[in-house]
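Which chain is which? The protein sequence lines are R and C, in order. Each residue of the first sequence is one higher than the one before, starting from 1 at the first, in the numbering used here. Each residue of the second sequence is one higher than the one before, starting from 1 at the first, in the numbering used here.
By construction, these hints were calculated from the structure, which means they are not laboratory data. Just so you know, not all the hints are guaranteed correct.
[What the hints assert, rightly or not] Below, simulated BS3-like cross-link-like pairs (lysine-lysine); rule was C-alpha separation at most 27 Å, straight line: (1) C:Lys82 / R:Lys311; (2) R:Lys304 / C:Lys39; (3) R:Lys188 / R:Lys225; (4) C:Lys96 / R:Lys188; (5) R:Lys188 / R:Lys162; (6) R:Lys311 / C:Lys39.
[To be verified] Far from chain C, by Cβ distances over 12 Å, these chain R residues were calculated: (7) Phe122; (8) Cys123; (9) Ala126; (10) Ala166; (11) Leu206; (12) Lys228; (13) Ile255; (14) Asp279; (15) Arg280; (16) Asn282.
All values derive from a computational prediction rather than experimental measurement. For glycine and all other residues, C-beta sits at the position ideal for the given N, C-alpha and C.
What follows is each chain in one-letter form.
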Amino acid sequence: MADNSIPGPMSMVKVDGSKIKHLREGQGLTQLYLATAVQVTTDTISRWENKRYPSIKKENGIKLAEALNVQLEDLLEENEVEEPLPLPRLAPSAIDLALTTDNKKSRIRNIWPFIILSLTLFCILAAFAWYFLYSSPDLPITAERNAPDHCIAGQPFPVMIKITRAPEDRQTAIIIRENLPANATVVKISPEAVSGGMKKDTISWLKKINESATFAYVIRVAGGKDDKVTFSGTAAISGDSDSPPPIGGSSKTTIDKYHWADVDMDNIISDSEILAVHDRYNQIEGIDVDIDAIEEIWLGSGYKWNETTKKIEIIE
Amino acid sequence: MSISPANRYHPFLTIFLVMVMGIFCHHEAHATNSLVTGKYISYSGTDIVLHLTIQNPAPANLIVEQYLSPENVIIDTAPQAKKIDSAQGNIKWLFKNTRNGILSLSIQLDSPLVDDISAIVRYRTPQGGAFTELRITP
Numbered sequence: 001m002a003d004n005s006i007p008g009p010m011s012m013v014k015v016d017g018s019k020i021k022h023l024r025e026g027q028g029l030t031q032l033y034l035a036t037a038v039q040v041t042t043d044t045i046s047r048w049e050n051k052r053y054p055s056i057k058k059e060n061g062i063k064l065a066e067a068l069n070v071q072l073e074d075l076l077e078e079n080e081v082e083e084p085l086p087l088p089r090l091a092p093s094a095i096d097l098a099l100t101t102d103n104k105k106s107r108i109r110n111i112w113p114f115i116i117l118s119l120t121l122f123c124i125l126a127a128f129a130w131y132f133l134y135s136s137p138d139l140p141i142t143a144e145r146n147a148p149d150h151c152i153a154g155q156p157f158p159v160m161i162k163i164t165r166a167p168e169d170r171q172t173a174i175i176i177r178e179n180l181p182a183n184a185t186v187v188k189i190s191p192e193a194v195s196g197g198m199k200k201d202t203i204s205w206l207k208k209i210n211e212s213a214t215f216a217y218v219i220r221v222a223g224g225k226d227d228k229v230t231f232s233g234t235a236a237i238s239g240d241s242d243s244p245p246p247i248g249g250s251s252k253t254t255i256d257k258y259h260w261a262d263v264d265m266d267n268i269i270s271d272s273e274i275l276a277v278h279d280r281y282n283q284i285e286g287i288d289v290d291i292d293a294i295e296e297i298w299l300g301s302g303y304k305w306n307e308t309t310k311k312i313e314i315i316e
Numbered sequence: 001m002s003i004s005p006a007n008r009y010h011p012f013l014t015i016f017l018v019m020v021m022g023i024f025c026h027h028e029a030h031a032t033n034s035l036v037t038g039k040y041i042s043y044s045g046t047d048i049v050l051h052l053t054i055q056n057p058a059p060a061n062l063i064v065e066q067y068l069s070p071e072n073v074i075i076d077t078a079p080q081a082k083k084i085d086s087a088q089g090n091i092k093w094l095f096k097n098t099r100n101g102i103l104s105l106s107i108q109l110d111s112p113l114v115d116d117i118s119a120i121v122r123y124r125t126p127q128g129g130a131f132t133e134l135r136i137t138p
């Protein structure tokens, strides 16, 4: 049998709770009897029997063995490994006692490491959350085109290219080359294309930007219903790349009978659609997407594209 | 009360989880807090006054739609409405390039207000462009 004594200032033994319970019940003894004999509470006896606190004072173990008419060794748990425990804190009889002021102070002292640990973990998590939720992507440049899903042949519509780059102290020169769709006529450009950069099928911009900039143009396209208008282009930091990355975002617009601002194609310019037009295009200098005409449609009950007159008719 | 070694860590785990929840609740509140609030300053008699409080960052553009009973006869609005549909008792404003602060809208009727009134404010959030509607009642 292993030595179940636990070394320390107070001698402790490990008892087998099930043996205690078996012996007590076998002799028809109550927990109260044992508690009285050992001078502990019935709760303590119950905990011992349920093995919640198998390490008990050796002195109590001897009293318990006497009360059960067995040797102390008969109660000890077999093959238990010794475990060094801070005896005064884990002794069951101590737990039964009301907390003294010293115990409270000791507990408060023990709380601090966990509070500091919690705060540290909190700060780390907060830093990660801040980074992922609020930081801008650390990419040299991103370019996204915003073109309507549909347009009416011969009616002007806007195309917008938004450039974003990682914030830096100095300005960076950006080169944008936008290939115009076939059968397209440019109505307006903002900002002005670089000198000689406005060709029949290409617009080229060269501009210094800080964090972001918007490049836009208004075009009319010829074609029949369901024809696709295709956009492509590149954007790069000046002198940075031999093969500049393509502009992302929208790349196709379908010719239809619906106004480009009528996103859901229900022949009505709704509140959300007019707000989107204002939010996106109102701030672009030099670009006139004929917002007043779109507002007129919005204020009416709806609109209809007249194929014969090639005009939009507003339904009052 | 005694705390067993196994249970002793639970209060600190709870504190930690509460703080973590706090981060996400803060973010969520930041994301969903209404940028515009409204209150009727006057909603009886012949003068109806609605005050909108616009927070920062302000939505770039706002639509305000005021609903009245068609029995009311609208004489004037300030600022001037984009559309007044007297038959439906409907007034619509479109405000462009709005700034944070208080926006006051007033309606003058030819006789004291009949029936209930309400308004709807519509805007797109500056960050993300989510379409938002806010109903205002007295």
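Quiz item: Among all the numbered hints in the text so far, which are the ones the structure does not match?
Solution: Of the numbered hints given earlier, those the structure breaks are 2, 6, 7, 8, 9, 14, 15, 16, listed in rising order.
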